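Trainee: This is what each chain is made of:
There are 8 protein chains.
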Amino acid sequence: METSALKELLEKIYNRSIEPDQAMELLKDLPFEDMGFAQVDHHRTLRQGFPEVVYCEGKTVDQVVAVVDSLRKRNHGVLATRAEPHVYEAVKLIDDRAEYNPIGRTVTIKTVEKKPTEGMVLILTAGTSDIPVAEEALSTADLLGSAVETLYDVGVAGIHRLLGRREVLNRARVIIVVAGMDGALASVVGGMVDKPVVAVPTSVGYGASFDGVAALLTMLNSCAAGVAVVNIDNGFGAGCMAHMINILGEKE
Amino acid sequence: METSALKELLEKIYNRSIEPDQAMELLKDLPFEDMGFAQVDHHRTLRQGFPEVVYCEGKTVDQVVAVVDSLRKRNHGVLATRAEPHVYEAVKLIDDRAEYNPIGRTVTIKTVEKKPTEGMVLILTAGTSDIPVAEEALSTADLLGSAVETLYDVGVAGIHRLLGRREVLNRARVIIVVAGMDGALASVVGGMVDKPVVAVPTSVGYGASFDGVAALLTMLNSCAAGVAVVNIDNGFGAGCMAHMINILGEKE
Amino acid sequence: METSALKELLEKIYNRSIEPDQAMELLKDLPFEDMGFAQVDHHRTLRQGFPEVVYCEGKTVDQVVAVVDSLRKRNHGVLATRAEPHVYEAVKLIDDRAEYNPIGRTVTIKTVEKKPTEGMVLILTAGTSDIPVAEEALSTADLLGSAVETLYDVGVAGIHRLLGRREVLNRARVIIVVAGMDGALASVVGGMVDKPVVAVPTSVGYGASFDGVAALLTMLNSCAAGVAVVNIDNGFGAGCMAHMINILGEKE
Amino acid sequence: METSALKELLEKIYNRSIEPDQAMELLKDLPFEDMGFAQVDHHRTLRQGFPEVVYCEGKTVDQVVAVVDSLRKRNHGVLATRAEPHVYEAVKLIDDRAEYNPIGRTVTIKTVEKKPTEGMVLILTAGTSDIPVAEEALSTADLLGSAVETLYDVGVAGIHRLLGRREVLNRARVIIVVAGMDGALASVVGGMVDKPVVAVPTSVGYGASFDGVAALLTMLNSCAAGVAVVNIDNGFGAGCMAHMINILGEKE
Amino acid sequence: METSALKELLEKIYNRSIEPDQAMELLKDLPFEDMGFAQVDHHRTLRQGFPEVVYCEGKTVDQVVAVVDSLRKRNHGVLATRAEPHVYEAVKLIDDRAEYNPIGRTVTIKTVEKKPTEGMVLILTAGTSDIPVAEEALSTADLLGSAVETLYDVGVAGIHRLLGRREVLNRARVIIVVAGMDGALASVVGGMVDKPVVAVPTSVGYGASFDGVAALLTMLNSCAAGVAVVNIDNGFGAGCMAHMINILGEKE
Amino acid sequence: METSALKELLEKIYNRSIEPDQAMELLKDLPFEDMGFAQVDHHRTLRQGFPEVVYCEGKTVDQVVAVVDSLRKRNHGVLATRAEPHVYEAVKLIDDRAEYNPIGRTVTIKTVEKKPTEGMVLILTAGTSDIPVAEEALSTADLLGSAVETLYDVGVAGIHRLLGRREVLNRARVIIVVAGMDGALASVVGGMVDKPVVAVPTSVGYGASFDGVAALLTMLNSCAAGVAVVNIDNGFGAGCMAHMINILGEKE
Amino acid sequence: METSALKELLEKIYNRSIEPDQAMELLKDLPFEDMGFAQVDHHRTLRQGFPEVVYCEGKTVDQVVAVVDSLRKRNHGVLATRAEPHVYEAVKLIDDRAEYNPIGRTVTIKTVEKKPTEGMVLILTAGTSDIPVAEEALSTADLLGSAVETLYDVGVAGIHRLLGRREVLNRARVIIVVAGMDGALASVVGGMVDKPVVAVPTSVGYGASFDGVAALLTMLNSCAAGVAVVNIDNGFGAGCMAHMINILGEKE
Amino acid sequence: METSALKELLEKIYNRSIEPDQAMELLKDLPFEDMGFAQVDHHRTLRQGFPEVVYCEGKTVDQVVAVVDSLRKRNHGVLATRAEPHVYEAVKLIDDRAEYNPIGRTVTIKTVEKKPTEGMVLILTAGTSDIPVAEEALSTADLLGSAVETLYDVGVAGIHRLLGRREVLNRARVIIVVAGMDGALASVVGGMVDKPVVAVPTSVGYGASFDGVAALLTMLNSCAAGVAVVNIDNGFGAGCMAHMINILGEKE
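Residue numbers (this note's numbering), protein chains in the order written: chain V, 7 to 258; chain B, 7 to 258; chain X, 7 to 258; chain U, 7 to 258; chain C, 7 to 258; chain E, 7 to 258; chain H, 7 to 258; chain Y, 7 to 258.
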């Protein structure tokens with residue numbers, strides 16, 4: 007797409023419908039919007055298949071609303087993560103399609119209706135405390151268009167809870183494993199299935215879990231193949247990665 | 007498959023063609039082979055779509071050869087990683103189809119001919135010193151059946167080397183990024199494409215690279231979405247993950 | 007137990023009192039209860055000799071109460087750890103047998119009366135600030151049925167306080183050592199006795215204690231044999247381990 | 007300067023306009039002011055070209071005001087960093103030239119008018135959340151006399167935002183790159199320009215960013231040459247370093 | 007024992023068969039032997055139930071032989087760990103009962119015949135490379151008198167290898183789990199059994215396994231109860247702990 | 007002293023003024039007081055030359071007051087560290103000799119008048135923010151009886167502030183250096199003097215100071231000899247060590 | 007330069023002296039050379055003012071020679087770092103202008119004669135063992151064209167060695183400080199001068215120096231302003247940074 | 007001394023027996039000797055009471071011999087640490103008073119006879135493997151003039167070995183505790199005596215001892231007061247510190 011845009015531009019110059027200086031200028035004005043505190047990347051949908059995401063921590067409510075407004079006006083779907091309720095309320099004021107996932111702390115605006123994918127993204131958690139991260143992944147993959155199912159609290163301390171659910175594992179096309187503490191669930195699931203596993207360590211635990219480092223290392227060292235890892239508590243990243251894998255299997 | 011095998015067994019009992027005690031026995035003898043020092047997991051091909059891999063470090067040559075022998079006899083493809091030349095020579099003696107990748111240090115035996123996938127796995131490295139890890143990934147994905155291309159030494163210190171190769175990036179279905187030192191290539195590539203990126207940190211670097219920790223952290227914190235990470239120097243893991251993603255896009 | 011259940015099932019099929027499809031279904035419904043946010047593991051008592059424990063951090067009061075309710079209704083003893091007073095009050099409303107240990111922050115419900123073990127679990131602390139962790143261990147071992155004694159504030163800075171209490175050390179069957187800061191008490195006790203020592207590092211200390219890492223490393227490197235370690239501040243884990251060791255010595 | 011002062015002193019002794027004991031005394035009273043809790047270093051302007059800076063964290067408002075007062079009375083420009091609004095208000099009371107940068111949390115008093123340098127310090131941030139650190143650098147370099155421009159939110163996840171601004175990069179004499187998370191912007195910028203880059207990791211990020219360690223390591227391992235690093239979140243240090251480099255290019 | 011010895015001494019003084027000064031002297035000469043470079047602790051058998059163990063690393067062959075000689079002369083069983091073959095040969099020269107375990111690198115001398123315990127210590131490894139550590143544990147527990155069985159290479163990447171062996175798990179009284187890489191086996195085993203699990207992380211792995219730290223953290227954070235951990239690669243410590251637990255269950 | 011007490015006891019038995027069983031009992035009751043939550047070590051004055059110190063963090067006010075009361079009643083000097091103002095007020099109620107150092111957060115009760123030592127302990131800080139730790143050291147050394155002087159804010163960024171004060175350095179017998187951030191002051195002072203330097207890293211700083219780790223490592227690696235280090239922020243430990251060194255130089 | 011090249015290209019299209027497809031092709035062929043294992047970045051001189059540097063570790067001698075050959079043929083100056091003597095000998099064979107610095111382990115080829123800069127880069131080391139890193143910096147800055155002076159072994163343990171050399175400090179335009187162990191020299195120098203200091207931590211030291219981490223942290227936390235840091239042992243990076251700063255002060 | 011030298015110089019100027027310019031020159035030529043690769047600090051004896059020490063690692067034999075020669079010619083005592091036997095042999099050639107401690111790896115030349123101090127430095131080790139570090143401390147303190155005694159292998163795993171030696175502890179004026187693994191000996195000794203304890207962690211141990219970090223942290227967190235710590239394996243530093251403390255107690 008970008009290449010074609012460039013080619014079109016070069017052809018315009020060749021056809022003298024545009025002059026070199028103007029072309030220089032245009033090459034500088036690739037589609038991002040300078041808001042002073044932010045350069046909103048409207049180009050991302052073309053380049054990556056999904057729009058820029060608004061990470062709310064460290065931004066004022068006004069900044070979040072301004073970026074959301076800029077995105078929705080161009081009909082990009084909107085995803086704001088780590089959003090407290092008052093952020094949601096502020097966004098709701100400018101667009102009443104906004105929805106809030108209070109557990110995953112995400113605000114979403116679906117600007118276009120999409121049919122969910124045929125392939126399914128399955129999200130597992132080891133424990134109850136891992137659910138918020140799982141829900142962030144769910145909101146992300148759902149907004150991007152994937153069909154999603156969840157299965158929570160199936161950690162290895164009672165491995166029969168997982169073994170008894172092989173059928174759901176079998177139906178999935180990609181699996182997200184969310185686990186804190188010992189993070190062992192990723193290895194066990196990775197060894198049971200023939201599909202890619204995206205592992206998300208969480209900061210759940212205490213003492214020598216070191217805010218998720220223990221689970222992170224376990225997952226990186228998984229003795230099962232077909233497991234790759236995203237940052238601690240990064241539900242968004244996992245949802246995104248899983249969706250990008252999932253759509254590869256869709257028949258156009 | 008596993009489910010169907012179990013069901014078949016249950017039906018045999020129901021039909022009284024087998025007795026409960028025999029069934030108990032069979033359930034214990036799932037297909038792994040007890041070699042004393044190892045339980046070779048012949049079941050893995052059914053479960054995960056690829057056979058058990060032989061990690062040579064910490065094993066004697068005799069142990070490696072014994073496991074390889076057990077695998078090839080059942081017509082599993084064979085992949086031995088971290089294999090020194092003398093290991094290859096020992097394997098070659100029992101099966102002259104064995105091939106050696108001296109840079110990636112892998113021994114492979116292709117027991118069945120497969121047509122490569124239509125989708126292509128692209129492997130990038132940031133520098134020249136990252137190539138051994140990339141070659142381990144190449145051997146892995148190639149043995150499993152993926153079409154693979156490589157583009158080496160395109161790190162961000164001269165980003166035009168990468169920007170000038172957009173066409174190759176566009177042709178790939180999955181991208182493996184192999185980088186040590188600052189590991190920044192994964193973020194830049196992740197921001198340029200709409201396909202899953204499997205990032206492999208390498209232990210290339212010195213001082214505060216801490217044997218790959220710097221690159222690992224960079225990749226885990228990638229501000230681009232669609233990037234997931236495997237262990238430091240884990241070319242095998244990356245090749246495996248990339249292949250599992252790649253085949254999702256194949257039309258059966 | 008689990009094996010016998012499976013065998014009984016297989017025999018039922020053989021006797022055609024149950025059909026294969028029903029059997030398949032039953033194998034999926036092993037005894038855990040799906041509460042949506044949690045899969046309560048009622049099977050654990052059979053498998054491990056003690057019921058699932060409710061770790062309260064990161065759970066809402068409603069979630070805690072729901073899980074407690076599910077457990078007590080099946081006559082499992084209940085142990086909830088890291089429970090703030092208001093959690094206790096909520097649990098008390100549904101079962102007035104509930105007791106609270108405000109120092110150890112545990113809620114317990116003894117659903118059956120057990121005679122304490124003959125063997126005694128002795129819990130030592132190095133300092134006064136280690137007592138909360140020790141009390142969590144005490145509540146755990148006590149609920150599970152062990153006889154427990156405590157000896158607090160006997161750290162090595164005044165080693166005569168410990169040397170003067172050899173008689174208590176001698177009466178114990180298992181010893182739990184709870185210590186922060188330098189964690190040296192575990193090594194000293196380990197060298198004095200012929201019984202297993204379960205060491206619990208605590209996050210007590212400042213500066214280079216790194217929230218318990220210093221004590222953890224000391225204990226892992228104990229030059230005395232017969233010392234094993236649980237996670238920082240993990241009084242529950244220590245109480246559990248000590249009880250499992252303790253009951254081995256009981257005469258049935 | 008210091009040398010010349012010493013020489014003058016020695017000559018005074020030689021000319022017997024001062025006695026050895028007095029000289030001894032004078033050598034003890036080099037120009038710092040003993041305020042009990044602080045030894046204000048009035049000598050620093052001579053030695054380093056800029057006055058002592060007041061780091062407000064860990065100081066009471068009274069202490070800050072006393073040091074500021076001591077500095078401004080000697081006509082030193084004043085820079086107070088990590089200053090909360092109430093600190094600014096207290097300073098404003100004693101000198102109404104005081105200005106506050108609420109984002110960078112700096113209080114400045116320009117006691118003398120300086121013409122900005124011809125050379126320009128360019129400050130880039132990877133994201134919006136890095137702006138506070140960038141603004142601290144801006145206040146610092148500005149007070150010291152450098153011309154400063156900023157370009158915010160141009161991280162590598164959308165690298166066209168940076169590539170489209172080459173002209174600004176070209177106009178700068180020194181570049182400050184402020185980035186958290188993966189910190190990759192420093193490497194990319196370092197590879198694009200022929201000017202010194204001062205890299206500032208920020209504590210922006212979560213999980214395995216470890217409060218800025220990930221970005222710090224990335225920057226230290228930059229595969230581009232011409233990049234040097236200051237402490238995490240140290241906007242002041244970066245502004246100072248950039249100014250000292252910048253003035254080398256000024257024509258006197 | 008120690009108490010009784012002291013009491014006997016006090017009674018001797020009371021009966022004036024010994025004088026206070028002599029008593030003072032005796033209290034200084036508790037049973038350790040001063041060899042200059044070592045204080046051999048002959049008292050340990052009384053105190054801990056097993057003799058001092060000779061850790062060979064960092065000792066010369068002569069030092070090892072001298073300590074071994076001192077122990078065997080008092081009829082203590084001898085265990086020397088981390089012993090290279092030439093150490094074994096030197097020990098063999100002074101006592102031909104010496105036996106060598108070349109995989110576990112232990113030298114043992116059984117000075118008295120003991121009947122093995124009724125209870126069994128089961129040693130599991132996740133992989134083949136973990137076997138040397140397991141064999142050190144085996145030699146230790148065996149010398150101390152425990153019955154020991156082993157089951158190697160049953161890691162969670164092929165969990166059916168473990169699930170198919172429940173019967174062995176059920177027969178054990180204590181279980182030692184030896185695992186490197188992700189260390190997940192300890193959690194899975196811990197959740198399956200009602201017996202104490204002693205977990206030994208090994209330095210097997212690469213990259214982010216950090217020489218066993220990943221496995222160590224996994225085990226410390228085990229979400230299964232009844233798991234305690236010893237130092238990385240500390241087979242001796244695990245064997246010792248397991249034996250001390252095992253003998254509690256013996257009927258005298 | 008302890009030895010003499012024991013000897014006296016043995017002689018009493020010899021003289022039959024006491025019976026063996028009573029002696030056994032007495033040996034158990036060495037002078038510590040069992041307060042349930044604490045074993046107050048009244049023996050410490052005999053053994054170490056100074057009484058047990060009350061570390062207030064993690065203790066209730068009631069616990070602090072009870073221990074203080076127990077100490078002062080035996081005429082031990084009292085030192086309570088990390089004491090908030092309300093702790094002081096509670097102590098003041100039971101003993102109006104109590105004094106409070108609000109910067110160092112110490113409560114002291116001088117139960118006996120001592121003449122300060124001839125030798126002087128000099129306490130230096132690098133910055134103003136290090137003063138609270140310095141004041142804790144001051145209160146400690148002062149209570150124990152040392153003469154103390156202080157020199158604050160003489161860090162190496164303006165090294166003339168230190169060089170101009172050689173005379174004070176020369177007068178000291180022991181020097182305590184308190185520094186955060188780069189901790190370089192300890193090395194510089196250590197290289198200038200011929201007296202022991204006790205270095206105290208502080209948690210002052212930000213970013214890569216890692217709460218005092220940077221300063222701690224600097225001090226441990228001091229290229230000057232005659233420097234030893236105590237824990238981060240451990241003013242008490244430094245004051246104690248310095249006093250123990252200081253009194254060695256006193257003429258009795 | 008790059009911009010002007012692009013503009014010229016665009017004008018050629020406008021003038022129809024080149025067609026869009028050819029232009030597309032040209033844009034792909036920016037000046038790097040594909041050697042298979044490496045993409046030699048001939049463009050770097052234009053972009054950064056100095057050519058690509060050959061880091062020899064992890065490359066075969068043949069690879070090094072091939073890259074060197076490619077560079078020198080285009081009249082780029084050549085710098086190969088971490089070069090063992092046999093690498094130098096191989097390079098010497100193809101170009102006898104090659105020179106070797108055996109202490110700094112650098113091979114250089116000066117393809118054009120340059121007059122050294124007027125401004126001087128001063129390189130200090132704290133100890134004798136830091137000299138190899140300093141010599142790498144020296145070779146780098148020298149090849150790039152800077153005048154360089156050195157002053158070795160002036161660490162803070164004998165600070166008069168530094169104080170006695172103020173005149174050299176004063177003559178420098180930029181200062182490189184190379185130090186291991188406590189790394190304190192950077193702070194002291196940074197506080198004495200009004201010029202930029204580039205600090206290089208070295209891996210010299212033992213124990214808690216952690217291969218240069220202690221010095222790195224000290225330098226990052228320098229309480230003196232005007233100090234920026236490069237990677238541990240990165241003499242090349244320091245020489246490069248210092249040269250880029252130094253030439254800003256040259257009058258063209 | 008330095009002050010008096012300066013004063014004398016100033017008086018010479020005052021008396022016009024020297025001119026200011028000459029004085030300037032002299033102030034530059036403080037007593038260190040420029041050997042190019044080293045600035046030998048002959049001034050150190052005046053300033054610190056002991057001469058510069060030669061750390062042999064990272065120096066060539068020629069460099070060591072040159073520095074030793076420079077020191078001994080001025081009648082400084084010589085101490086070279088981390089010296090391999092061939093270094094000793096080279097030194098012996100130029101001065102046959104040289105002595106070698108092969109365990110502590112030190113070369114010493116006593117250029118003047120000193121009477122040992124009355125006070126005694128006691129060096130304890132926890133194990134046999136800690137002896138080399140202890141011997142480095144012994145050589146250091148001995149050369150500087152302290153009387154030294156040693157007591158090796160008295161670690162806390164058999165604490166009676168230490169308790170039985172109170173008399174030696176009582177005779178010491180300063181105690182050096184050398185311990186690896188859990189490092190607990192320092193805390194126990196610190197709690198038993200009323201004299202300063204200098205603690206030296208060693209890199210003895212394996213696994214989670216992390217080359218001495220575990221022992222270092224234990225010692226820094228010692229719950230006994232009067233303990234200060236030097237770098238891992240730094241026997242020299244401990245010997246130096248202990249001697250400086252010891253001589254404070256000598257009567258002149």
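Simulated from the structure, these hints should not be mistaken for laboratory data.
Any given hint could turn out to be false.
Keeping only pairs whose Cα atoms sit at most 20 angstroms apart, straight-line, the calculated PhoX-like set for lysine-lysine is [said to hold, decoys possible]:
1. Lys-257(E) / Lys-120(Y)
2. Lys-79(H) / Lys-18(V)
3. Lys-18(E) / Lys-120(E)
4. Lys-257(U) / Lys-257(H)
Anything over 10 angstroms on all C-beta distances counts as not near chain C; from chain E, calculated [stated by the list, open to error]:
5. Arg-22
6. Glu-25
7. Glu-63
8. Ser-76
9. His-92
10. Glu-105
11. Ile-109
12. Met-126
Since the model is a prediction, treat every value here as computed from it, not as a measurement.
Positions of the beta carbon are idealized from the N, C-alpha and C atoms, including for glycine.
Trainee: If a hint holds in the structure, say so; if it does not, say that too.
Mentor: Evaluation of the provided hints:
no.: 1; hint: Lys-257(E) / Lys-120(Y); result: 23 angstroms, violated
no.: 2; hint: Lys-79(H) / Lys-18(V); result: 39 angstroms, violated
no.: 3; hint: Lys-18(E) / Lys-120(E); result: 35 angstroms, violated
no.: 4; hint: Lys-257(U) / Lys-257(H); result: 8 angstroms, holds
no.: 5; hint: Arg-22; result: 7 angstroms, violated
no.: 6; hint: Glu-25; result: 7 angstroms, violated
no.: 7; hint: Glu-63; result: 25 angstroms, holds
no.: 8; hint: Ser-76; result: 29 angstroms, holds
no.: 9; hint: His-92; result: 37 angstroms, holds
no.: 10; hint: Glu-105; result: 44 angstroms, holds
no.: 11; hint: Ile-109; result: 39 angstroms, holds
no.: 12; hint: Met-126; result: 40 angstroms, holds
Checked against the numbered hints given earlier, this structure breaks hints 1, 2, 3, 5, 6; the rest are met.
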